[in-house]
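Protein chains in written order, with numbering that gives the first Met the number 0: chain S, 0 to 371; chain P, 0 to 284; chain X, 0 to 372.
Don't read these hints as lab results, they were simulated from the structure.
Here are the computed lysine to aspartate or glutamate pairs in the DMTMM-like style, where the Cα-Cα straight-line distance is at most 20 Å: (1) Lys185/X x Glu302/S; (2) Lys194/S x Asp197/X; (3) Lys13/S x Asp114/P; (4) Lys194/P x Asp93/S; (5) Lys108/P x Asp70/S; (6) Lys260/X x Asp280/X; (7) Lys166/S x Asp197/X; (8) Lys224/X x Glu212/X; (9) Lys118/S x Asp323/X; (10) Lys194/S x Asp335/X; (11) Lys194/P x Glu73/S; (12) Lys121/S x Asp323/X; (13) Lys166/S x Asp323/X.
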Amino acid sequence: MASLELKHVTKRYKGRAVLDDLTLSVSDGETIVLFGPSGAGKTVLLRLIAGVVEPDEGNVLIGGEDVTDVDAEERGIGMAFQNFALFPHMSAFDNIATPLQAKRASPGAIKAGVESVAKLLKISHVLTHRPRALSNGQKQRTALARALAGSPPVLLLDDPLRNVDAKLRFEMRLELPRLLDDQGATVVYVTQDYKEAMALGDRIAVMSQGRIRQLGTPEQIYLDPADIEIARLFGDPTINLLDVKPAKDARGVYVGLSNVQVHLAGPFEQAIGRDCVIGLRPEALTFVRADAPAAIPVTVEAETPLNEKTVTLVRTVRGREILVSRPAGTPGPVAGNAHIAVNPKSALLFDRASGARIGASKVVALKSGAAA
Amino acid sequence: MEHTSVLERVLRGAALTLVVIFFMFPLFWIFLMSFQTNETILRIPPSLVFTPTLENYQALITGKLQTAAGSLDIAFMRNLWNSVFLSVTSVAVSLLLGVPAAYAFARHKFRGSEDIAFTLLSFRFAPPLLVLLPLTIYFQQLGLANTYFGLIWVYQLICLPLILWIVRGYFEDIPADIEYAYRIGGHSWFATFRKIALPLAGPGIAAAGLLAFIFAWNNFVFALVLASADKQPVTVGALAFVTASGIQYGQIAAAIVLSITPTLALALYAQRYLVEGLSLGAVKG
Amino acid sequence: MTTVLAIENVDKFYGPVNHGVHAVKDLSMQIAKGEIVALLGSSGCGKTSTLRMVAGFEEVSRGTIAIAGKPAHMLPPVKRNVAMAFEGYSLYPPLTVRENIAFALKAARLPKATVDQKVAEIAKLLEIEDILERYPSSISGGQQQRASLGRALIRDANLHLLDEPMGQLEPQLRAVLRGRIKHFIKERGLTAILVTHDQTEANALADRIAVMEGGVLQQFDTPQKIKERPANLFTGTFVGEPPMNVFEAFVSGEADRIKLKLPDGLALDYEQGNFAQGVRDALLKRQRVVIGIRPYAVRRAKDGVPATVSANQWLGDQTHIAADFAGGSLVLVEHDRTRLERGETIGIRIDPQNLHVFDAGSGAAISHGPELA
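One chain only, chain S, in its complex shape (with noise of 0.2 Å):
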């Protein structure tokens, strides 16, 4: 077992930086996730830590030795492809059995151990096909069966549900962080889907532009955006922007939506006569009587269930959209006009010029969930 470290490491393609002086390090055991859109220098981040692209500048290091000249087939390392990768003019087993057989391992241990870890991933009766020959869930199985074959101290995960189905994703979701616990494996994961790296990731790393631009634990990354772009990406639906500019009488600060006052719970004092965006997650909001305080008037414009929940488009009287959502079943607005009211402590505030968090840490107001 091992940890995994990244010192200042760039790389450049045709003078483009693709990573810019990134700097990571991921504990021993540890599922980190690489999260953030197409471009963000993922993919490439990954194959840097697998060996197949060699770094322009920096280090990178495993168990705390220097890899950095070292060749992929020497580092053991376990990688899942997105497109599966699988060796097309091999059976499953054989793909299965290629990092045992680089150990040298005897024909008997590379049986036993192509079967144990076929047994876990589910597809012990197809171990004789091609891979031509298997579905689209059986094949992302056999990559991940090949990549835990060598019982990797570092597994890679190159975003390995992307292209399977909905329900494969989900029941492959679920199952994953006990696979990837008992195998003990300091786990990077690829993804740009946010739920997968809430669900899977112990630590988050948001990615953009060749740099992390948060690093952190899903509770971290999802109540306390460190800016607009980092609270955007996660969340369906996506959170609620409007332009706001605080203000402040005897109650505390304040930011007039469709000249309601609505008053916010949190130290932004610094926000007070500035350009703000006000960022509302739609489960922040709820409908309310007209007599509510600060009940917000809007005409409801359309409503689209979504999985166990209700999105309502909404529209203030200044004409700006707002997303309301609510678990399905629980009582809604008739059609036509409306009230919404704002969860005061959840409201998230950003400079509207850098896009940049004003505030303090959410993390503790909202602590007070549910508990088991």
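Here the structure of chain S is known, so what remains is to put chains P and X in place on it, guided by the hints.
Relative to the frame of chain S, chains P and X by itself:
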């Protein structure tokens, strides 16, 4: 909506038949000629009705050519053997050199790699006649003229660029991830080349080899200038049929039939691999 | 309600009738004016063939299709007055986004001012105002898809056919665009059919969903009905995210109770009074059934059937919990953050009103909650 009426199908069939007849007729006619004597061939008007004879083939195989002016020795079977030997060896050497080179050009972008690859291709651009004269002089000085070794060397001008460029394309079509996966699994680059890249590009290598073989087989100019009678391939050897007493059409036809048979057989045999090559797309699934 | 589209006993064969690939089997459905209908299914289920037959790109092998009351299955596409957004976008490459969107309107010789105004409106809706003068090759996949949607929605047609209309949309825009498009279609009283493999999209937009599998229409109903009263095991497990939990169970009746015995010696025990007489009879006359329970309907209770937590994933607004239960895996969804560790034992309670029972052989639904299916 797709409607195919009977008329449309009939017309399409007729058109296809016409095209086939148009392109196949010369071959067909040569095939018939090979079973006729010079006299029946030169009849006017030509006729499809004749008494077939194996005379022409007999002459080629025994090496005794009967002409109006008497018997003449020809080395057709020797020429045929030369063709086989030169083509097979040239292609083998080209594959040995070209496939690893193609892999290097496909996978490793080193400084000047594009330029080198292009230079190699440019051998195909130069008119052979242009290089022939200096080449002949060098070869004579080096003692390479009229040797198999020299000919095979020169044949690399034909085979190597072809194999290099076709096989390179096939290597490039293999997703790099597949090779990365094998290397990360703990295998050296050479094992990856042998166990992954070679088998996956196999159909492409076969196709390139076949094409190079056909080009080598059909070569005329290099062999004409650089080889004398005992090293000549069939393409050059066929000149022997233009004798003092006229052109031996029957024997030429038989010689053509015999000399295209190996390439034709090879092409038909290799077709399977070529088709398999197309299904390489399944790799990306 | 006027019927805009009537599909009657339609079959589609690829290859010779009765011998070729039977892509759509005896399909009948009627769609009323102003409805949004989703054809939902996995690839190869016949949904795209159906859409293409309605549009006129595929011949109908058997049966009839009527659009706006007139037989249409023999008409060429151009005479059917349908607008379509294609999955592959099919934007005209030499035209700008604006020209693409305005194409049909210009062909109909509408005055320029009207065209401009309509394009501006649709462009604002789809957030493509700033790329109107660009060419399709220079914009992203998501933008192309929005342009393609705009080209279809701007038309005044009997039917709007949308093939996987939102698959490539930027995730951050999806929710708001769904709302806007639904509002747009409803406000103008358009009739739309969308083909999708994504149930989220179908649920969000459609008034009714037609679930297809193997060329057969499995169920055609409102999203709510499909969720609450799935017609069979296929629909039950296909629609719903996360998917419905299913377990095989053996039914036994003892005194005034009904027991559903699960693997690993577990059992769900209900009072017979929880179920209508018909359900009781239907259950007791069978030995083996398949029970289904939606992830959000699973409750935790101290005295419940024991299960061991295998994953607990918080997604910001929901918590997905997986637990080893009855030889399989049970998934629970809770709307709050739940603090449970792996390996912890929880009690599972499945209330009778949330229980779906299916026939073990045919997969047909037997009961939903206390009622017969």
